[in-house]
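**Student:** Here is how the chains run, residue by residue.
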Amino acid sequence: MNSFKKNLLKKRYNAERRFQWYGKIAIGLALSFLAVFMFQIFSKGYSAFQKTWIVTEVHYDKELLLIDAESPSKDDLENADYYDVAYKAMTSLDPGLPEEEDRQLIQMVSYKYEAEVKDLLLKNPDYLGKIVPIKLTASDDVDQVHKGNYPRDIPEQNRRVNDYQLQIYDMLNERGDILSEFNISFFTSPDSREAELAGIASSFMGTVFSILVCLAFSFPVAVLAAIYLEEFAPKNKFTDFIEVNINNLAAVPSIVFGLLGLGVLLAVFNLPRSTPLVGGITLSLMTLPTIIIAARASLKAVPPSIREAALAMGASNMQTTMHHTVPLSMPGTLSGTIIGLAQALGETAPLILIGMVAFVNTIPGTPVDPAASLPVQIYIWSESAERGFVEKVSACIMVLLAFLILMNLAAQIVRHKFEKKWS
Amino acid sequence: MNLILVTFIILLAFTSYYFGRKKALVIQSSQRLTALPKFYGYYLAAWCAAPALIIFALWSVFEPSIVKTFILQDYTDQNLTKNELQLIYTKVKALAAGTYTGNITNFLDESANKYIQLKGIANSAKVAIILAILIFSLSFAYRSVQKNDRMREPVEIFLKWVLFVASLGAVLVTIGIVFSLLFEAIRFFQAVKIFDFIFGTHWYPAKTFVRDGQPDPELMKDAFGAVPLFAGTFFIAFIAMCVAIPIGLLSGIYLSEYAGRGVRKYAKPIIEILAGIPTVVYGFFAALTVGPFVKEIGNAMGLQVSAESALAAGAVMGVMIIPFISSLSDDVMTAVPQNLRDGSYAMGATKSETVKKVIFPAALPGIVGSILLAVSRAIGETMIVVMASGLAANLTMNPLESTSTITAQIVVILIGDQQFGDPKTQSAFALGISLFIVTLFLNVIALSVVKKYREKYE
Chain A
-13 MNSFKKNLLK KRYNAERRFQ WYGKIAIGLA LSFLAVFMFQ IFSKGYSAFQ KTWIVTEVHY
47 DKELLLIDAE SPSKDDLENA DYYDVAYKAM TSLDPGLPEE EDRQLIQMVS YKYEAEVKDL
107 LLKNPDYLGK IVPIKLTASD DVDQVHKGNY PRDIPEQNRR VNDYQLQIYD MLNERGDILS
167 EFNISFFTSP DSREAELAGI ASSFMGTVFS ILVCLAFSFP VAVLAAIYLE EFAPKNKFTD
227 FIEVNINNLA AVPSIVFGLL GLGVLLAVFN LPRSTPLVGG ITLSLMTLPT IIIAARASLK
287 AVPPSIREAA LAMGASNMQT TMHHTVPLSM PGTLSGTIIG LAQALGETAP LILIGMVAFV
347 NTIPGTPVDP AASLPVQIYI WSESAERGFV EKVSACIMVL LAFLILMNLA AQIVRHKFEK
407 KWS
Chain B
248 MNLILVTFII LLAFTSYYFG RKKALVIQSS QRLTALPKFY GYYLAAWCAA PALIIFALWS
308 VFEPSIVKTF ILQDYTDQNL TKNELQLIYT KVKALAAGTY TGNITNFLDE SANKYIQLKG
368 IANSAKVAII LAILIFSLSF AYRSVQKNDR MREPVEIFLK WVLFVASLGA VLVTIGIVFS
428 LLFEAIRFFQ AVKIFDFIFG THWYPAKTFV RDGQPDPELM KDAFGAVPLF AGTFFIAFIA
488 MCVAIPIGLL SGIYLSEYAG RGVRKYAKPI IEILAGIPTV VYGFFAALTV GPFVKEIGNA
548 MGLQVSAESA LAAGAVMGVM IIPFISSLSD DVMTAVPQNL RDGSYAMGAT KSETVKKVIF
608 PAALPGIVGS ILLAVSRAIG ETMIVVMASG LAANLTMNPL ESTSTITAQI VVILIGDQQF
668 GDPKTQSAFA LGISLFIVTL FLNVIALSVV KKYREKYE
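Going down the list, the protein sequences come from chains A and B.
Just so you know, the first sequence maps onto residues -13 to 409 in the numbering used here.
Just so you know, the second sequence maps onto residues 248 to 705 in the numbering used here.
Keep in mind that the hints were calculated from the coordinates and are not lab data.
For each residue, glycine too, the CB sits at the ideal point set by N, CA and C.
It cannot be assumed that every hint is accurate.
Said to hold, decoys possible - Derived DSS-like pairs: lysine-lysine, alpha-carbon spacing no greater than 30 Å straight-line: (1) B:Lys285 with B:Lys315; (2) B:Lys340 with A:Lys10; (3) A:Lys(-3) with A:Lys37; (4) A:Lys407 with B:Lys698; (5) A:Lys60 with A:Lys(-9); (6) A:Lys(-4) with B:Lys699; (7) A:Lys121 with A:Lys37; (8) A:Lys286 with A:Lys98; (9) B:Lys373 with B:Lys338; (10) B:Lys515 with A:Lys(-9); (11) A:Lys223 with A:Lys133; (12) A:Lys37 with A:Lys98; (13) A:Lys(-8) with B:Lys604; (14) B:Lys366 with B:Lys315; (15) B:Lys699 with A:Lys221; (16) B:Lys604 with A:Lys(-9); (17) A:Lys223 with B:Lys699; (18) B:Lys703 with A:Lys286; (19) A:Lys406 with B:Lys512; (20) B:Lys407 with A:Lys406; (21) A:Lys221 with B:Lys515; (22) A:Lys133 with A:Lys104; (23) A:Lys223 with B:Lys698; (24) A:Lys98 with A:Lys116; (25) B:Lys698 with B:Lys512; (26) B:Lys598 with A:Lys(-8); (27) B:Lys699 with A:Lys286; (28) B:Lys671 with B:Lys604; (29) B:Lys338 with B:Lys366; (30) A:Lys407 with B:Lys512; (31) A:Lys37 with A:Lys10; (32) A:Lys407 with B:Lys703; (33) A:Lys98 with A:Lys109; (34) B:Lys270 with B:Lys285; (35) B:Lys361 with B:Lys394; (36) B:Lys515 with A:Lys407.
Claimed, not checked - Incomplete in silico selection of chain A near chain B, CB under 7 Å: (37) Glu2; (38) Val118; (39) Met304; (40) Ala371.
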């Protein structure tokens, strides 16, 4: 072999190796995007599952509570004035502070601290007249300082926590009076304007209701449509049209469905705004084609021999379909449905258009109560400027992703456990 | 009221199933049955529920508009516009429901009384008609059960019709989309010339907002030029494709031609996770991490970078789209017949030469189809743009500035309370229909290309 040919071969082999590396790099990039992404979300979000409390002492002084009765009833406790008691509980942290500076101490706990003081007494009526320790929800800023998310070394005027508050915080922290516990209220409380009090309960219920409504509307229609198209439809122009229609519908941008929901469900049918009912119906229009396509694929996968055997035994077409083909196709259909619902779960834009973006601070009990949904909650919180919401958003994303992973796992399990392998 | 009626019909259907079946068993003692006993039950139940429910549905659809015509008849001599009439009708309804808070005129009060009266008549008429239909259809069906007619065929024909109607559902959704968009868009184009919309270069709908009164037509002319939005949409989609096509295509090639079975089995689903992550999450990521990152790098290089740059939104969108391209192109390349590869290897070509000169050209239609689908996806993507790119429509080709897109503007316009009849609200529907047309066009081409390609190799 002469040197020219040798060189050419070398060149070609080098090109081969280079090309293979391009592929590896591309896959590596795609995977590293995912890794960076997950790392960002988890590193920002895990701290939201911890809640910071400030421990202090409260004196349930009858005089300050304005309770006259000797043995006060529940109503008396309910109607007592907790302002002074709660105020004293906070200012007792630094008795030397002049009165006009008190706000600095009060700002270290959430604005609901008075209600927390009240709740403790209502739960334990025998605390009346005693001095007892109490846990108060730390304010958003103290919470962030405690979690180390807040830079302490920037100049005081740029900080939301001033030097005095930091000093008190350090003193409390040394005494062990700053507690960090699992944040149950993140899961049990509705949305709030204050980051330290905001939770996902309302949006979680909103999501659950929307998904249930979506399932109730889309699953029956989609399965029936798939059965017709796959088993009964004559091959003609009209059924071709329906098929093209379904395929195109699956690729229509989700926001267009939002416009449909707004223009038809709200404007024409006058359904209640901002509710999971409307959200669920809008999402069901979107998942309809996805489920139809999945159901048709799994009907197609049932071998013709099953149908022929049933027909040979004298079953009618309808009986063959309903008794044999459809039950055998159910695992595939169900896993397709779950995947379609998982897609619907992550949708945000259509829900924003039908008004599920409203601030809701109650937990919805029915599908016709106003609610948000988890993805919309992510959007709402990410638009808030407060630092505490960043970790809340990340935590909310973690919950949403966990939900999605569970649904996809369920789809996999349904598919592999129940699907018959024909070979 | 309606709920009770529907529950009643459904309960009645269940009981009639039971009676039909029982009757069949009675018949069985004297003569041969023409079908299984349960078909007698189905027959009765179908005759019970279907006509009543259909009438009920039709009634519910048409009743409101008929009542409205009756009420507004009294106002025809006042020469009112359509919007004013609508307002009056809303007031009348609120007054009848007891939730009206404005001052009540005699005329309004009269109308409200008439409304309540009409509603009452309509309700009792509805119940009466539905009961009559129930009695009629049930007695008719019961007679054929008694006569022991063939029962299976009618039931199956009925079921087939139910299936057919369900398959019309998807068509109905499309019709609904087209009409709801068209309806508002046409009204928008009555106020704004279609020419100004398509070729105008200035988008600033907020300035047309005038409380109580008609906006200035001169302002309208210059506020709804959609060119910056079209440009922004395609620009961001272009940036996204610059990220997604190389990475997606190369990973697709690697997965289909080089990767061993083990790598393929795990790498493909992991990459597909990228497509399963909700877009709002990408939006958050783009706004919080990528945007500031791009800005920092740009500033370090001495460039003016907006915190909400088109580059950040486009790049993150590109990452989201990678799996659409990689998975689809992997599929189409795997579908290329093995003998093409073998032929190329036999001629002494290396693997990469085979990929570049044989497989890629053979799979090109499918790949183009997958790229078109990805473009349509990028154009319709909303949340990333809303959160990471700007909301002001700039006509710019600088990736470091902020731009806005069609989808982002729709959200901006429609977030919060909207007023129907306002040109600003209607403009969102006009944007929606242009979005729908563009994506539909791309999808139809992509799907037909992919379909042709599949037919070629299957």
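**Student:** With a cut-off of 30 Å on the C-alpha distance, tell me whether B:Lys407 and A:Lys406 pass.
**Tutor:** 27 Å, holds
**Student:** Given the hint that B:Lys699 pairs with A:Lys221, test it: the Cα-Cα distance must not exceed 30 Å.
**Tutor:** Within the cut-off at roughly 19 Å; holds.
**Student:** Hinted pair, alpha-carbon criterion (30 Å max): B:Lys373, B:Lys338. Please report holds or violated.
**Tutor:** With Cα atoms ~25 Å apart, B:Lys373 and B:Lys338 stay inside 30 Å; holds.
**Student:** Does the structure keep A:Lys223 and A:Lys133 at a Cα separation of 30 Å or less?
**Tutor:** 65 Å, violated
**Student:** Is B:Lys270 within 30 Å of B:Lys285, Cα to Cα?
**Tutor:** 10 Å, holds
**Student:** Tell me if the straight-line CA distance from B:Lys285 to B:Lys315 falls inside 30 Å.
**Tutor:** 45 Å, violated
**Student:** With a cut-off of 30 Å on the C-alpha distance, tell me whether A:Lys407 and B:Lys512 pass.
**Tutor:** 19 Å, holds
**Student:** Hinted pair, alpha-carbon criterion (30 Å max): B:Lys598, A:Lys(-8). Please report holds or violated.
**Tutor:** 18 Å, holds
**Student:** Taking only the CA atoms, is the gap from B:Lys703 to A:Lys286 under or equal to 30 Å?
**Tutor:** 21 Å, holds
**Student:** For the pair supplied as a hint, B:Lys604 and A:Lys(-9), is the alpha-carbon distance within the 30 Å limit?
**Tutor:** Given that 30 Å is the threshold and the Cα spacing comes to 21 Å, the pair holds.
**Student:** For the pair supplied as a hint, A:Lys407 and B:Lys703, confirm whether the alpha-carbon distance does not exceed 30 Å.
**Tutor:** Roughly 28 Å between the alpha carbons, so the hint for A:Lys407 and B:Lys703 holds.
**Student:** Straight-line Cα separation of A:Lys98 and A:Lys109 no greater than 30 Å?
**Tutor:** 17 Å, holds
Consistency with the previously given hints fails for numbers 1, 2, 3, 5, 6, 8, 10, 11, 21, 28, 31, 35, 38, 40, ordered from lowest to highest.
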